[in-house]
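A.B. asks: Residue numbers (my numbering), protein chains in the order written: chain A, 1 to 148; chain B, 1 to 148; chain C, 1 to 148; chain D, 1 to 148.
A hint or two may mislead.
Copies of the same chain look alike in the list, so a pair counts if it fits in one copy or across any two.
In the DSSO-like style, the derived pairs of lysine-lysine whose C-alpha atoms are separated by at most 27 Å in a straight line are [said to hold, decoys possible]:
| no. | residue 1 | residue 2 |
| --- | --- | --- |
| 1 | Lys122 | Lys3 |
| 2 | Lys36 | Lys18 |
| 3 | Lys107 | Lys36 |
| 4 | Lys9 | Lys28 |
Derived from the structure by calculation, the hints contain no laboratory data.
The lines below spell out each chain.
4 protein chains.
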Amino acid sequence: MMKTHGDYKQRIVDSFNKQGLMQVLDCKLGAISAGKVEAIIPFSQGLTQQHGYFHGGITGTMADNAAGFAAFSLCEAADSVVSAEYKINFLAPAQGEFMIARGEVIKSGRSLLVVKSDVYTKSGDQERHVATGLFSIMRLIGGAQKEI
Amino acid sequence: MMKTHGDYKQRIVDSFNKQGLMQVLDCKLGAISAGKVEAIIPFSQGLTQQHGYFHGGITGTMADNAAGFAAFSLCEAADSVVSAEYKINFLAPAQGEFMIARGEVIKSGRSLLVVKSDVYTKSGDQERHVATGLFSIMRLIGGAQKEI
Amino acid sequence: MMKTHGDYKQRIVDSFNKQGLMQVLDCKLGAISAGKVEAIIPFSQGLTQQHGYFHGGITGTMADNAAGFAAFSLCEAADSVVSAEYKINFLAPAQGEFMIARGEVIKSGRSLLVVKSDVYTKSGDQERHVATGLFSIMRLIGGAQKEI
Amino acid sequence: MMKTHGDYKQRIVDSFNKQGLMQVLDCKLGAISAGKVEAIIPFSQGLTQQHGYFHGGITGTMADNAAGFAAFSLCEAADSVVSAEYKINFLAPAQGEFMIARGEVIKSGRSLLVVKSDVYTKSGDQERHVATGLFSIMRLIGGAQKEI
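Chain A with its partners taken away, still in its complex shape (with noise of 0.2 Å):
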């Protein structure tokens, strides 16, 4: 079990709000856990590439959120993080009602979480998996530092 530090969910929800381009997206978070962050959005017609599906760019959007929250849950109050690379397999068109992202801490080290995130879309009952990323997500610890 990976080890949380008080009100971390109240945190990430905080952060979350933060972000101008959640609301753009119309974007919610899902099940948050210790290490795991779950993250949804709808379908609209500003999200497409040029064959009609989700953008590649928000399917990474939306994984790259994921992760990094799942890494934020695992930090102490005054820490923060920043995505320092990532990496993403495309799996199948995008295309669904929804977009869903799970991330999940692999390893929470000193200095770098590493991260996988998974994407899915959904229509109805029916979750296809799109993409799936490694994400190494640096733990500014105090947060105030805003350079890796």
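On the provided structure of chain A, position chains B, C and D as indicated by the hints.
C.D. replies: Below, chains B, C and D alone, put in the same frame as chain A:
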């Protein structure tokens, strides 16, 4: 010199205009040449993360766009492209009036094009290198299939 | 259940035996099933980095092998495979009597197979997770072409 | 111009000589300057994959070495480095008399150095670009800790 086919610049513009996300981002194409494409967006509050900078997902989206169109610039008229995967490293906080992504094909293979994409923020005359990525773009010969 | 073709286990063994590097590493194949392959090497001084642990390059090599053969397990008899790209995150120092890599296909596409590969060190009965990677393996239909 | 500290070239040579794997590969250091390191190996049958070319794992190992030492060239005397993660794209079959890897630091951060590393094969005077990678190298200040 990498080989292009017919009016590839017009095909890039046409494909770009089909992406709903580009309008939401207020994205414009910049310089286009064989194997190289530039894309630019202005800063707006709707594109931010929790510190008020461009969100990493937007940085990834811009890098992906420039990479995908750089690959597309080398395709024949009937072909289409799809991102198979990418990796991106963040180099500095993405703060600035504009964000510029520059994609450049490193290797144009039969099935896969390997493309590097660099992202900069710009304020006044000053550019800052904020991210660098490596992309594998699949060439869909004839464009019919959408699965990789 | 992923689909295999004919005596895929024998084809894996035959291809494995053609790799000069596997003899230098004293590498053995472990469990093989549809879309999953395991490979094992013993520790030796010739495989170390400056701290006396398994070198990161060896960790990557083992992950790549397991991933490539996991992909190969799903190919038809005339096909071959080649790694198009991979990304690997190191999770812990690679110290132990043995190193074990386990590749597992996530998506078996027509042209590309996406494979995750995890690497462990083992001392006595204890396994330690030392690296995790994501691989894009190109399926070369008919095996003739060697260029991707 | 990137900043070095004291006799960094000698420290690179000393660290290089502690890696057992470098002797097995018959690897030599090439040109060394601030943020840039080159490493070279001759072809041998023990380094091959199933088609008789340099094994992809060796390509990755060489890229990793050049990247790690490029990062190390910018560290202070007491620091050490460790690869946190990397991604590599293969561009062409790695066939040739020699393999040369060239690492170059893109961003020297406080905790992480982002390094690109390109790998070439050489036969006679002809070089061929066979792989390109992006590395995140962790700077271990004081060198004591080995965990990232």
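A.B. asks: None of the hints should be skipped; say for each whether it holds.
C.D. replies: The hints, checked one at a time:
no.	hint	result
1	Lys122 - Lys3	between (31 Å within a copy, 26 Å between copies)
2	Lys36 - Lys18	within (20 Å within a copy, 35 Å between copies)
3	Lys107 - Lys36	both (12 Å within a copy, 23 Å between copies)
4	Lys9 - Lys28	within (14 Å within a copy, 38 Å between copies)
This entry satisfies every hint, going by the numbered hints stated previously.
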